[in-house]
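Participant: Each chain, letter by letter, is given below.
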Amino acid sequence: MTRHFWLLFGLLAAMVSVGLLALEGTILVLAIPFLVYVLVGVYYAPGEQKLQARRMMSTDRITEGMDVTVTIQVENLNARVDQLFLSESFEHDLKILAGDSYVAAQMEQGEQIEYAYTLEGRRGVYEFQGLTAQAIDPFGLFERKKELKTDGELIVFPQVTEMKSIPIHPPHTKGFYGPISTRKSGSGIDFLGVRQYQFGDSLRRINWRASERHMNDLFTNEYEQERIADVGIILDARPHCDKLFQGRRMFEYAVHAAASLSKMFLDDGHSISMLIYSAVVTQVFPGYGKVQYERILKTLASADTSYNFSREQLRIPGRLLPPRGQLVYISPLPPADFETIIRLRNLGYSVLVLSLDPLFFEEHSGIDLPLPETQLAARFARIERKLMLNNLRQAGVLVENWTVDQPFLEVGERIRTHVVLHQRMIRDVV
Amino acid sequence: MDRKLFFGVCAAIAVAALLLAYGIEQIWFGGSIVIGVGLVGAFGWFTMRREYSDWATGLFLVGIVLMITFGAFLDLNLFLLMAAMVSGLGAWDLMRFDKGLERYALSENSLDLERRHLFLLGGTLLGGAVLALVVAFVQIQIGFFTALGLGIILILALSGTIRLIQK
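Chains as they are written, first to last, in our numbering: chain V, 92 to 521; chain H, 110 to 276.
You can take every hint at face value.
Derived contacts from chain V toward chain H, CB cut-off under 7 Å, selection only:
#: 1; residue: 95
#: 2; residue: 98
#: 3; residue: 111
#: 4; residue: 115
#: 5; residue: 118
#: 6; residue: 120
#: 7; residue: 121
#: 8; residue: 127
#: 9; residue: 131
#: 10; residue: 133
#: 11; residue: 193
#: 12; residue: 195
#: 13; residue: 197
#: 14; residue: 231
Simulated from the structure, these hints should not be mistaken for lab results.
Where is the CB? At the ideal position from N, CA and C, for every residue including glycine.
With the hints as extra help, turn the sequences into a complete structure.
Facilitator: Encoded structure:
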């Protein structure tokens with residue numbers, strides 16, 4: 092029974108009581124329309140509902156910025172329902188673009204209704220709980236509520252930027268064919284050099300031009316081995332990534348970068364693993380190809396920042412990292428992480444740090460720095476950070492500072508250039 | 110829009126009928142209270158679909174019923190009181206119906222939901238009014254205790270029906 096019923100019932104009871112106590116027939120007469128109204132409500136009161144609902148989605152995996160159409164089918168298996176209110180509420184990160192998730196209908200026995208709405212959402216994993224079906228009589232005096240189970244899950248993947256390949260050269264590569272030149276002789280396609288023919292060499296590899304200059308010797312072409320690498324992407328998800336720029340969290344930019352880099356490395360054929368470093372370390376084990384890409388995107392979709400005092404400094408157990416492989420660390424780079432990165436470099440890892448500039452976020456947070464002292468403090472912070480990044484570079488770590496007003500594609504190009512220059516420098520030194 | 114218009118018309122009829130009933134007997138104090146009730150109804154009309162509009166129409170209905178009851182004690186015109194009662198109840202119902210549908214879109218095959226409700230409401234109110242007027246002109250002399258007994262039977266029957274529905 093609804094509160095409307097109690098209001099009417101109260102008025103009706105009061106009128107009848109007053110009429111009886113005062114022996115005033117007119118009041119009783121005047122209460123009759125009330126009584127008829129309530130009795131009609133009683134007559135049409137909803138019985139036990141047997142409703143069946145089904146949810147259909149155009150897709151259950153979308154990328155941020157895309158939309159999904161959800162169609163709901165409800166069938167009435169029992170007696171007629173005069174007014175049926177179907178409603179469904181979502182997490183606040185999901186937004187309805189078109190259509191309605193609150194629908195009123197009247198349903199005959201065996202009738203089926205169908206309605207649809209279009210949703211878009213931010214990165215995340217969303218579980219649909221089901222519908223609330225509220226059947227009421229035409230006068231809203233009696234109601235019956237029921238939860239209709241319509242399971243469903245929607246995963247909104249982070250946006251991914253298609254970027255050009257970054258030619259990494261970690262110290263250790265894997266035994267499978269890939270894009271990394273190892274400077275070792277093997278079954279590649281890039282020419283490495285010429286050596287004297289040895290028994291068992293393929294005749295197709297004989298360099299006839301070099302051989303004709305020497306009367307008694309044959310020479311064979313050597314090709315460079317090309318291998319794939321183990322790449323470990325470490326995504327910093329500690330609370331210092333919660334700073335905002337134009338209403339978007341720094342962490343969202345970091346996730347975007349992690350997803351784009353993962354795709355690029357996987358497209359190159361590398362084995363990728365991922366660590367999300369928050370209160371709990373989430374790991375995606377090494378893998379290749381589209382399945383791994385899906386796994387990484389799914390993990391990134393549900394990633395969020397969280398705090399644990401034991402994670403204030405970056406500490407990663409060695410068993411979670413690919414041995415002497417390529418590490419990519421995406422973080423605003425708090426000073427406490429400096430030592431760990433140097434240690435990883437000393438352990439023989441090739442380290443690339445993509446640092447989202449936290450000072451840029453501070454400067455664009457909308458807080459004015461009117462006092463000369465605060466402006467001076469900002470300058471000191473800038474110098475301190477620059478110094479830290481330079482120290483990392485000198486230790487052989489590739490560092491890219493990203494102020495997020497630049498598109499990530501541009502940042503990718505810069506990383507690529509730096510990696511190439513870095514390799515050339517090492518070759519020159521060697 | 111239709112619902113808002115119907116609500117306005119019904120509320121206006123209820124207030125006008127009551128005003129007329131009190132005016133005929135020149136009970137200006139009662140008339141002024143009816144105007145106050147009308148203002149509450151007008152407030153409900155202007156603030157339709159807001160949080161407190163529900164309370165305003167509830168108060169409007171209570172006010173109308175109170176004034177009708179006083180009117181019955183003062184032997185005002187029965188037809189006018191009946192018109193006020195039926196219209197007041199109709200106005201309150203339309204407001205409630207509108208509030209209920211506020212957040213909901215109507216499904217494609219249920220576009221006549223509103224029309225059906227209006228017909229049912231009209232029929233119920235008309236039926237109630239006719240029945241009441243028929244009862245008013247059929248005079249049966251019964252004693253206090255008989256009337257009290259009938260009243261108790263009525264209330265028990267009503268509560269029994271409700272218990273039946275709850276099961």
